[in-house]
Amino acid sequence: MNLFSEKKTAISKAYWVIAIIVVAAVGVSLVMRDESGSEQEVPDIVDYNFHIRPILSDRCFKCHGPDANKREAGLRLDTEEGAFAALKDNPRKHVIIPGDPLNSALYARLVSSDTSELMPPPSSNLALTKTEIEIIRKWIEQGAKYKKHWSFIAPQRPEVPKVDKDLNPRNPIDNFVFAKMEEVGLDPNPETSREALLKRVSMDITGLPPTLEQQDKFLQDKSADAYEKIVDELLSSKHYGEKMAIQWMDVARYADSHGYQDDGYRTMWPWRDWVIHAFNSNYSFAQFLTWQLAGDLLPNPTKEQQLATGFNRNHKITQEGGVIDEEYRIEYVTDRTNTVGKAFMAITLECSKCHDHKYDPVSQKEYYNMFAFFDKVPEKGLVGDIGLASPGDPPNMRISSADISSMMHYINKKDTADVVVMIMKDSADIRPTRILRRGNYDQPADTVEMATPAAILPFSTSKYPKNRLGLAQWMLDPANPLTARVFVNRIWNEIFGRGLVKTVGDFGMQGELPSHPELLDWLSVEFRESGWDIKKLIRMIVTSTTYRQSITRSEKKLQQDPDNKYYSYFPRMRLTAELQRDLLLSASGIINPEIGGPSVKPYQPKGVWESTTSGRGELARYIQDKGDKLYRRGLYNFIKRTAPPPALLIMDASTRDQCEVTRSRTNTPLQALVLMNDPQLLEAARVLAQRSMNMNLPENTILERVFRLVVCRKPTDKELKMLDQYYQQQKARFEKEKGKASAFLKSGEFEQISTKDIAGTAALMQVNQMLFNLDETTVK
Amino acid sequence: MENQEKEFRLNVTRRHFLTSAGLGIGSAALGTMLFKDQLFGSDQQSAIPLGLAQFAPKAKRIIYLFQNGAPSQLETFDYKPLLNKMHGEELPASIRKGQRLTGMTANQEKFPLVGSSFGFSQHGQSGAWVSELFPNMASVVDDLCIIKTMNTEAINHDPALTFFQTGAQQGNRPSMGAWMSYGLGSENANLPSYTVLLSRGRGNGQGVYSKLWTNGFLDSLHQGVVFSSGEDPVLYLNNPEGHDRQSRRDMLDQLAQFNAEAFENVGDPEINARIQQYEMSYRMQSAVPELTDLSKESDNTIKLYGPDCLVPGTYAANCLLARKLSESGVRFVQLYHQGWDTHGNLANDMRMQAEDVDRASAGLIKDLKQRGLLDETLVIWGGEFGRTNYCQGKIDPVNYGRDHHPKCFSIWMAGGGVKPGIVYGETDEFGYNIVKDPVSVHDFHATVLNLMGINHEQLTYRHLGRRYRLTDIAGEVVNGIIA
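The listed protein sequences correspond, in order, to chains A and B.
As numbered in the working numbering, the first sequence has no gaps in its residue numbers, which increase by one up to the final residue, 1308.
As numbered in the working numbering, the second sequence has no gaps in its residue numbers, which increase by one up to the final residue, 510.
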């Protein structure tokens, strides 16, 4: 499929000639390259963390790094001792002699013309560029100073830089961002229009588009703090928690089914209701983290605290008859370990399950130290096959209607039956945790204790209890270099589409370096010292001048800041799958604003479940819901892991197979098909048309109204004219073909609203459908 | 935003041109697609290389007939008369060698050997043994390369299938087809490069799941697109009621006008990419129904696949559709056919399964051959593991069952650069262990990639700090089967 064709844009013939040559040339070698370094310059002062380690880590550490078993020639380049040591086979020579590149074996091997000497070996396809070699030479010349990896040094609050007052910095975020822009010769964009700002901040905080009333109110409010008032209003909306939950559900790999092939039903939705509640109540991140990691280990834990631990039971569970119990139990513990590593630490712990980490200082032993925290659960690999499937395997907890009316009012349970959720529990002496050779469940080796990777922050047993609660305390320790940074960065990434550390899930050696390290540290310290106040963090970001910039990209910015690394304009980001759905339900007024409860099954093409199932279990067939359940927000869509909702999946939603901290944003023709033909969208277009027609307003007023509802701004005169032309064209068509008009208006199960002018209504529905498909509509 | 390639590609669209040399395969594939779209429908097509393979590919396209549930090697291609001789006798410990067993038979007191209840005979020039259940496959045996020594690490369906399709038992890695799409791009601008067809037999079934055709961490452009036998051959393909081609055209024109207006104001080149997406979806709307319409196939073709091929959703119909998709340039067509999980009632279930797949599988080979496409199309037939030589449960005089067996099983390949008419590898007389030329799943992947012109160690994608490949950290090309 060609997704990047540019037929309609002018492409010179010369381009094709160049492209052919380039493509033909790369056809020879299929090596992947990290493109970020392609335009790299040699810096005046070479910094180990920012310039050297990325090169060494990517090209050298695989054989000369932390993994002792794979280390070649006994040489390691990731530590000073290793790199400055004498060569094993020639003690008179040294790998690196600080200040003397020409006598350093490292440099000699990089530039050798003898392919048997050259490093990395040509067969590895990891060759360094000339610029990279020059950077290494200069670094050695400047003394070859090693530094600890940036993300393993606890953040300190840096000084806020001074910037030009004319740029209107509203809070320190702006000072940091503008100072960086000044450094590279860029200016921030001017503030965007009020309408655009309102849509942006609404989508960011509640995930719902502003209503006409909100639009009018904001446009008319001339007070100096009109915007701040809107922000506070949105932050106190009950829909804020829903918006925040979407991302957390990806991180926590939440789903409504168990996930392996027979894929039975599970009832973890009360956990999801809790997440919404936690965000809405603005629980501190410290509490949010502690309860999820260790709510069951708090003194006299409440049911709520135990419910929160469902986080660590959201992983997949097999129901395939005949599996080997221990193989799968180990799989679950592995999933928890990896998820916690990725979610809270942004460290790819999983790489050290089978061997020492190749890039990061996490040994295989340390992996199993972490593993031990999650290994004490009284659970089985297989509780029962699909025939005996239960919605909640032990350890679990029953939640009754009485619980809900007394304490757990945030759970939206409709019937009187108890609901069973899986929770965490420890049986301290249940089993010793062992290192597994090559990660294999049936090859246990030495016993290990609970601990954390020492390079990040040693686990002090005098300070923290030796259990998950201790792990939570370790994470929240001010000396922990990762926790605050990782969370702040993820929030930033959600809002700006690009993290201050671009690799949101990897703060290790192979991850990208922060674009604004001082800002990241300032925000992290501020966040922690604010009492881990999430709403406060978001408020600070969205009230900054940086956030309020327009989206316009000048030619200069396209050249100098194409990836928006300097945040010199606001990015146009496509709404996530769930929010696209929410937008059309909301704009058409058919949305059901209910919060929480069992997941729902809206329209879905026939056969998606049926064609994949073995026929066993209660989720073999998709039974679509009826009535107002069809109009719930996207986050309540039932996720059957083996056959996730196709419209969501096509729009890049997570399969919830494993922890995901970011979604990709792709552009495929299947997405266009969904937006054109999904009955949910057609139904929204239809109801909006019928209701609008019955308002008895002039045609132009109606067109302006639907445009404002869907696009969230007033149309320009030109746009209104285009809209009217299209409306008249379609009206004329439907007048000729009344049958088609009626057929078109049949869309969806929402009750029909009769209108006088069938052709006009169908034409308006057509206009609405087009508006829902506008590129501008689908971006925030 | 963890993968630089994706970002990079977007940047390419943003900038409208390829700025630097040293581009990875992603951009190579991108290049292919650009060419193809620019040139699609023009007669210059042949002037540009299609796939940007690393070395001359032997195969351009793959059709993978996955037999989901694991057909028994002992009732298909691995003839073991000793089992009939020793019928009912205990599996010797010296043969089992402590092999782990699934929870379904691990607690059995006895492991009585059971011989095939179906006759075997030799066929073709190669003299390969084929069970009487598969007369049509036997008739094309000289086109087949039968591998008797496949083996896997997994012992249960879900991990074994996942392993075969993604190179890892767990996790959400890109599937084979996604890697091919990523590495080689598409040959047809109006169709996805990776499509999936699903069918279910009458035997004991094991479900499939979308993870098997996932793009994993690759761009979702490489996700397998399911073609179904329902009203919409591709999800969301059909226009709603009251819409026709003209009104859809009108809408797209209107949309393009509005979007162009936005581009003028904002200058975001991604808007143009969106316009193109709509255009391609519009082309797909006519290209796909033309393809899935099997009514114009000749009687001779119908005969090859059998009358079932006119019944949408059957294995036979999917085989015919697979040929049409492949012929139209779809890089990887993946079929799944359920029903081979013969824990019990094997004799009966195998017969039904064979009836459903034998003729159409062989028909596909014959059809490709008569169209001159077999040479450039690699066809693969096989399941996720083998089955035990001992009986699951008690031996019944007329029936028996076989549990999962990972240590050896048979698959076949045909066309696309594999040696025709050979049998590769040897298993022991008990059909339990490999004695010569084992082929692991990683080897299988390495070989398939090699046939497509790709070095499996160099088709990589950097994700979360690590370069991943389909073959993980293993895999040797099986040169013995390459023509």
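These are calculated hints, taken from the structure and not from any lab test.
Heads up, some of the hints might be wrong.
One side of the interface only, derived from the structure: several residues of chain A facing chain B at Cβ under 7 Å [claimed, not checked]:
#1 Gly-1036
#2 Gln-1077
#3 Thr-1080
#4 Thr-1141
#5 Ala-1171
#6 Arg-1191
A virtual CB, placed ideally from N, CA and C, is assigned to each residue, including glycine.
Status of the hints after comparison with the structure:
1. A cut of 7 Å between beta carbons decides the hint on A:Gly-1036: the least distance to chain B is about 6 Å, and the hint holds.
2. Because the beta carbon of A:Gln-1077 sits about 13 Å from the nearest beta carbon in chain B, more than 7 Å, this interface hint is broken.
3. A cut of 7 Å between beta carbons decides the hint on A:Thr-1080: the least distance to chain B is about 6 Å, and the hint holds.
4. The interface hint given for A:Thr-1141 holds, since its Cβ lies 5 Å from the closest Cβ of chain B, which is under the 7 Å cut-off.
5. Restraint check, A:Ala-1171 versus chain B: the minimum CB separation of about 6 Å is within 7 Å; hint holds.
6. Nearest Cβ of chain B to the Cβ of A:Arg-1191: about 9 Å, over the 7 Å cut. The hint is violated.
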